[in-house]
Amino acid sequence: MTDATAHNAPAAAPARPKSLLTQDARTKRRNAAEKRFRTYGAVAICLAIAALVMLLTSVLGNGASSFFQTYAKIEVTLDPEVLDPKGNRDPAEMSKITTIGYGNLMKQAFPASLQAAGVSTEGVPEKEIGDMLSKEAPAQLRNRVLNNPDLLGETISFWALANGRIDGYLKDRVTMTSAERDGNVSPEQLQLADRMMEADLLEKRFNWDFITFPDASELRPEAAGLGVAIIGSAYMMLIVLFLALPIGVAASIYLEEFAPQNRLTDLIEVNISNLAAVPSIVFGILGLAVFINYAGLPASAPIVGGLVLTLMTLPTIIISTRAALKAVPPSIRDAALGVGASKMQSVFHHVLPLAMPGILTGTILGLAQALGETAPLLLIGMVAFVRDYPSWPVDGLFEPASALPVQVYNFTTRGDPAFVERASGAIIVLLVFLLCMNLLAIYLRRKFERRW
Amino acid sequence: MYDTKRVESIVGQDDIKISARKVQVYYGDKHAIKDVDVDILDKTVTAFIGPSGCGKSTFLRCINRMNDTIPIARIEGQIKLDGEDIYDKRVDPVQLRARVGMVFQKPNPFPKSIYDNVAYGARIHGLARNKAELDEIIEKSLRGAALWNEVKDRLNEPGTGLSGGQQQRLCIARAVATSPEVLLMDEPCSALDPIATGQVEELIDQLRQEFSVVIVTHSMQQAARVSQKTAFFHLGNLVEYGDTDDIFTKPRDTRTEAYISGRIG
Amino acid sequence: MSIGLLLLIVVGLGVIGYILGRRRALASVAGDPRKLHSLPSQYGQSVFLFTVVPALLLLIVWLLAAPSVIDGQVRGTVTTDGVSQSEIDLKMADVGRISDGLGALMAANDMSEDDLTALTPGDSDLRGQLAAVGVAVGADVEPAVFEAAKHKRSLTNSAGLIRTVLILLVALAGLAYAMTRIRPDFRARNVSEAVVKALLLGSSLIAILTTVGIVLSLIFETMHFFRLYPAKDFFLSLTWNPQFRGGSDLGVWPLIWGTLYVSFIALLVAVPIGLLAAIYLAEYATKRVRSVAKPLIEILAGIPTIVYGLFALITVGPMLRDYFAQPLGLGNSSSSVMTAGLVMGIMLIPFVSSLSDDIINSVPQSMRDGSYGLGATKSESIKQVILPAALPGVVGAVLLAASRAIGETMIVVLGAGAAAKLSMNPFEAMTTVTVKIVSQLTGDTEFASPETLVAFALGLTLFVFTLGLNVLALYIVRKYREQYE
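Residue numbers (the UniProt record's numbering), protein chains in the order written: chain A, 1 to 452; chain B, 1 to 265; chain C, 1 to 485.
These are calculated hints, taken from the structure and not from any lab test.
You can trust all of the hints, since none of them are fake.
Below are the BS3-like pairs computed for lysine-lysine, each with C-alpha atoms no more than 30 angstroms apart in a straight line:
| hint | chain 1 | residue 1 | chain 2 | residue 2 |
| --- | --- | --- | --- | --- |
| 1 | C | 197 | A | 326 |
| 2 | C | 383 | B | 152 |
| 3 | A | 35 | B | 89 |
| 4 | C | 383 | A | 35 |
| 5 | B | 112 | C | 383 |
| 6 | A | 343 | C | 197 |
| 7 | B | 106 | C | 378 |
| 8 | A | 96 | A | 86 |
| 9 | B | 30 | C | 378 |
| 10 | A | 326 | C | 294 |
| 11 | C | 287 | A | 447 |
| 12 | C | 383 | A | 28 |
| 13 | A | 28 | B | 112 |
Since the model is a prediction, treat every value here as computed from it, not as a measurement.
Just need the whole structure built from these sequences, with the hints factored in.
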């Protein structure tokens, strides 16, 4: 310690203000830099939150209107001569009359009921008046009649689905100027729509059909719904729940409670952490190559989607389950072992029940992640256009279906701008489901949160 | 409890570096420091002793406003450095801490080279105009911390690679490099082995010639070895303050006596 | 018999086994459970496990193995000398579709097995009939292929029957065996616990199986692809131009360029914002601000990527086009590298910020104290002490974010466009590896053309890229954690 002498202490510092009460120039500069840096941070937070707000308002703004749909009121006489030529009211016989027959009926009834209500149809040819209704409207009427054959011969007032362009006009998507350039709608039709609204023959009503109807073709966006997609998603979630939860919990119990320290255990752990980061589309390739091509499972079916999503969700569930098991203090295990329980009994009787809330929370979050997943489902054919509702499980799992996020993608690939509204509306439905799942997870965590 | 007049009679007014009056510290609801009055002399080693949780470290952290970084801490009363209240609204704690340096319980070198560790304070306060001046500050600080001979050939190696005692001396060098007027040391030897402790204690004795040193310590022997003045804290109160020799040989307060003889602690 | 029904029967047998086993155990000690080695229910459990587990394992093995066995059999019938491997593959694809189609035909037209056997490719309009049940066959059906298809159908049918019988037999045999072992001194608990432990191990092996499945299917199909298309061109060609009728250019570089360009812009958005946000939350924000801002930012992480994709498509894309690209004369496409990059950047913000937040918080408080004690301001401490100390962790977080960006699909599908280009202009539409995987594999997939199979080579490229990044990132993060533990 020979070098430590007081005389070697540092040279006198450059002039430093003697008073603490005044800031020297350098301190002022440093404080300004401090303030700037702090502002950067605050700006970053604001940018992130602004992005969130923009995202949500964009979706809500575009999609909220899809829950309301325009309907036109028609007085239509259900002529038995046309609809039930044999006159025996047998639904099987009646179902031979296709929508074309009903369509003709409506085409005649619509202008007539306008005139009866005193709405002038001047300037609009009869065919264009008929075009103001959706191509889906005859099917609606047909369903109604087939469900209730007694209506035959009566004159009913019927709220028919309006064409997407007319619906767009009521939602400010279609304007007089855009109609002039549009082959599918004319300004005269829109003026007629104005007159119909004054006469209360045209109105927007809450659109349950959007949630329950199946998808519809490119030409009738007004009839497109999410029914099949919601069922498909629900089936897949069922499969994920029934496969990923038990397998994930079993794997976690093994790794957390029984696994010896060896190569195999390390290999499993490495695999799990890597699978958690494999891009989702790669799981889609796996599903296509193994489940569809190799094992011969049907494409577009919820079973394949469910299996793929299960494999994707497993790492998430395993990671959260292991955390929940780890949080159970060793004293609980010791207590069970101390009264002569086997290791297996101590785990299944004591540790697992205590870890259950954490496991459930993790599972719900895993399900939420799986529910929003799109890319792998595209590869296994869930983009197919499916209009038939799948039947009940187990058979229904093997029938073609769609899925909510895929349905969104499907809508976006179509030309008609009305489908943008549908896509955003579908996202709102998807987000509502996700919100519910997350709230449930938060509730479970709060309710069962344990402090050891 | 002693009164202020006594404090002033112990020390001559001229040499007072820091004077504290009626200092209260609250951590949330807890009243951690109660009504502490103390005067700390220039170029003297002052030891704060007392049982754990007595508030000695808390009080030490008030002197360079380190408690500002704890959101729930609240300080009342007055602490003056060279006659200026350091809790005045106009005071920038950054400027204060350049003049009142601090060394912590556990050696905490930054994950940088030895050179950069020492240069850190000099750089942020702009003490060197060029590389040569900075080199000079580094060398003097390291010599001042009795570390120069051990590290002069490996200034670019990480500071975290040094032994515990060397790390602590590096932290002292780092504090010395900003040319402080007061050096606060919070149990600087508690994480060190006896040999390293000896080296640091020797260093503290030398530092006294340049700065006022305040050291918090658990060890009464250490207080006796390195300090000229000793303050005994108990349950947030400053029980007794005086010459180190007096405190250890003829304590006036029964609590001091009990602590020194090992009955409380 | 369908698999679902078979499963139900096997589990039903297991339940019966449980009841019988429990009863038999009690009977063996004349109703006095104290004389048993284990609890009566544990004897039941052991019978249940012996009934169900071997049968299910056999079922899984069967499901995995049967398709390739049948395929091999059928392949033999269509293989003739002098026919190339790829032609056989094409034929096999036809065989598969026709045999599926026959089943559908039968269901749709109320045909009997005999009607089906009587069908010949010469029959009037077989193609039309198959098309009516949704099976499109390219050319007219070759007799050999048609026979092979019928062969495959009958093999599949009889395999299904054999499977059902075999599995039920195994289940019954397991039940009978377990029943014979029940004696008072039979260590039922130990036995059933050993089986359960094996099942637990089996569950955790699924992770390995998945990886193996991914790697094998990617490698297998990629090799298939390289037999049809030279690997040299895939890796070295600078053009991507698939043609439906052969002669495609399938160079991977335009796709990799697009992927990296989009990811780069995404990171350019996400890293500064995410990092600064994390710093603000960790070092500056009051408790209240933190408790509001942190969950809000994390909401971004819970939003599905399709939502971001739609956001890019209907909001960000048109906005960038109208306010930047067109006024600056840089293009008039609403899907562009910039659109996708920007939106993907938003998606990655919470990813970067929450990882960085953890990492910054794990820098020990003593570092901060040391720096403040020397009179450093907060920002100086952050920039010169905390960030350098946290650097390895932050680098790991950025690498993880990069791997996310490279593997992201929906945002680029909806936001980046489909044109494979090597261009520097960020307002031009470009495409990525993931977009091309989707576009080559959706729709009618014919697993014999290079235009489809290239998707597997792209998938393998993607997998290798992201796996490399992840392994590196996890390694760095783990090293960093060890440093402060």
